[in-house]
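Offset between the sequence shown (1-based) and the numbering used here: plus 81.
Think of the hints as simulated: they come from the structure by calculation, not from any bench.
It is possible that some hints are incorrect.
Said to hold, decoys possible - Taking lysine to aspartate or glutamate and the EDC-like style, the derived pairs with C-alpha atoms no more than 20 angstroms apart in a straight line are:
#1 149 - 100
#2 149 - 89
#3 116 - 141
Just so you know, these numbers come straight off a predicted model, no measurement behind them.
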Amino acid sequence: MLPPENGEQIRAFVARHPEFAVVPPQQTAAVLWDKAEDFVAATLQSAEGLLMTPRRTGTDGFFVSVLKRQAAS
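Between the sequences and the hints, there should be enough to build the whole structure, so can you do that?
Printed below as a string of structure tokens:
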């Protein structure tokens, strides 16, 4: 739930592994089809991912970030 546990970890990983990039949170949520818009509205978004909190989503606290390995050039 805290930045050092979530976005900061993702930024540090990508800094160490430049062959990976964060999939934009809107694209990550798109797999929810017709529920995506409501889900995104309930989450806190950052460049690194989506944060779900009990107050906003009625869930435990979760952070979701999807990373994709870039094609070798």
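Hint check results:
1. 149 - 100: holds, 8 angstroms
2. 149 - 89: holds, 17 angstroms
3. 116 - 141: OK: residue 116 and residue 141 at ~19 angstroms, within 20 angstroms.
Every hint from the earlier list agrees with this structure, and none is contradicted.
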